[in-house]
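> Now for the letters of each chain:
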Amino acid sequence: MSLYELLGTVEVGLIFGLVALGAFITFRILDFPDLTVEGSFPLGAAMAAILIVNFGWNPWPATLAAAMAGFGAGFVTAFLNVRFNILHILSGILVSISLYSINLRIMSGPNKPLLGAHTIFSAVQGWGIPTYILSPLLLAIIILAIKMLLDLFLHTGLGMNMRAAGANPAMAAANGVNVGRMKLLGLGMANALTALAGAMFAQSFGAADAYMGIGVIIIGLASVIVGMSILPVRTIAQATLACLFGAMLYRFAVAFSLNADFLGLKASDVQLVTALLVVVTLVGQSSRSGMGKLLKRKLS
Amino acid sequence: MIDVSDVRVTFNKSTPLESVALRELDLVVPHGQFLTIIGSNGAGKSTSLNVIAGLVRPDCGKVVVGGQDVTDWPIHQRSRLISRVFQDPKMGTCEDLTILENFALAHGRTQPRGFRFAIDKGIRERAAERLKLLKLGLENRLNDKVGLLSGGQRQAVSLLMATTGETRVLLLDEHTAALDPKTAEFVMELTRAIVTELKLTSVMVTHSMAQALHYGDRTVMFHRGRIIFDAEGDKRAAMQVSDLLALFKRDQGEELSDDALLLG
Ligand SMILES: Nc1ncnc2c1ncn2[C@@H]1O[C@H](COP(=O)(O)OP(=O)(O)O)[C@@H](O)[C@H]1O
Ligand SMILES: [Mg+2]
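Line by line, the protein sequences are chains R and Z.
The opening position of the first sequence corresponds to residue 1 in my numbering, with each subsequent residue numbered one higher.
The opening position of the second sequence corresponds to residue 1001 in my numbering, with each subsequent residue numbered one higher.
This is chain R alone, in the form it adopts within the complex (with noise of 0.2 Å):
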């Protein structure tokens, strides 16, 4: 591996670090099982790649619009869930698809190029030093800020409402929680995070496309359940940056596994391998200890 294949993968497991974030606040914090994520990463990055493009924005105020969508996104999924009570996995289901045509409606077509225009990573350019690595750089500082930020809510009034929310409804009822509301704000936290790495995630790789959501859930289920099966969990920083972790380890073993070429695999083995890793890691853990009972309970 080359220092800019490195650094490439760097940047990529940076991006989808912020979808395991979104991962951990739905499957861990609310016991919500998403799937509006594998149609609000290519909206993120349809309506960044658009906005840009076509509409000639700042691609800054792009992308944190392409993040507002995506809050739309999951606000509908659990509005579909909490107002009118159809089972989580399906109303994620149902925006997730109903995503796919909007974001072939949004580009107009399957994909949008971003060669040339103007992206978040202009910022680095001129620096005298090349943009692969300040790229990463600048996603490290983003992502990390991202991190504490959601560190700090999941800490107030509000972000312990919404962890009692998820682990005991009758209880934060009880206490005057609203968990619907819990889940309406919780579930568009966790999309805007997913479509921001969608915005990101074009811009640094040059395209959006419509295709580019496949799979994603289970990316960010991999991130959350490795990272928090190998760090330390003990408080939610320790938790965030666990997930963090976790999205670069996965990165990282992709990178490797299709670069050796003694295992024989194609890209597109990828989600195969990706689904045994998390089978792998779950039954590992539940044969473990009961620590990973929970957590297997919690995210499946």
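Be a bit skeptical, because a hint or two may be false.
[To be verified] Restraint ranges, calculated between C-beta atoms of paired labels, are given here:
1. Val273/R / Cys1060/Z: 37 to 47 Å
2. Asn259/R / Phe1115/Z: 38 to 48 Å
3. Leu149/R / Arg1008/Z: 31 to 41 Å
4. Gly1147/Z / Met148/R: 24 to 34 Å
5. Lys1121/Z / Met148/R: 14 to 24 Å
6. Glu1185/Z / Arg234/R: 48 to 58 Å
Just so you know, the hints here were simulated from the structure itself, not pulled from any lab data.
In this text, a Cβ means the ideal position worked out from N, Cα and C, and glycines have one as well.
Add chain Z with the ligands to chain R, keeping to what the hints say.
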């Protein structure tokens, strides 16, 4: 303080499993009264508490708490007026949160903190001060996850949490039933002390006739969704468990089949 009038509750309506849990229930609990409820299994005791707390919506009738008609209020909104302790110690506390965080959560019931930090020095001190009452040393374990506590400890913490803040109505549903006798006694005495100290309006469901007569100011007996017996003052003070049993027989013309009641 609590005024339940003409409440009817039917479960699984219009299905083969249809069952009427409460039949035109009227129950008024004046301000500051400590009411105990007794009755056989399935008599509608828990359902009546659930109607007051908002977990069960009645088919018809009205629920008024503290002068406000709360019949259409959701649970979380009623929690500003009403707090409760469940039978299952796992229900009253959140095991993934620390003792302190659980306390802060209960505190937020009447004083939501929104975007301010859930825990500050004031809440930490108040929690430690309240927990000292238990003499279980929990004030030194504020940052332990509640999941680490025993059932009795958790129930004691639930009780403290339910009596934090400004709610003036306390609902207890067999909150000592899952505990061993010694711990149950401890939690009951704690309940009595707190209810007296804070002058709470309380409704306690219990499985034990002795407990029902021993604690509180008034006792009612439920049977098949109705109140069949209601005593307070001198009449109640003179009552024995055997009198209650005799009354039950006379009113119902049938033997009391619930062994647990007899043993209590
Ligand atoms: N959620 C429910 N669904 C269906 N039936 C219920 C439900 N809760 C209670 N019941 C029924 O209502 C009746 C009263 O139950 P409950 O109030 O729990 O009695 P208890 O006096 O033992 O607390 C019982 O016949 C019970 O089976
Ligand atoms: Mg009951």
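> Which numbered hints turn out to be false for this structure?
Hints 1, 3 and 6 contradicted; others consistent.
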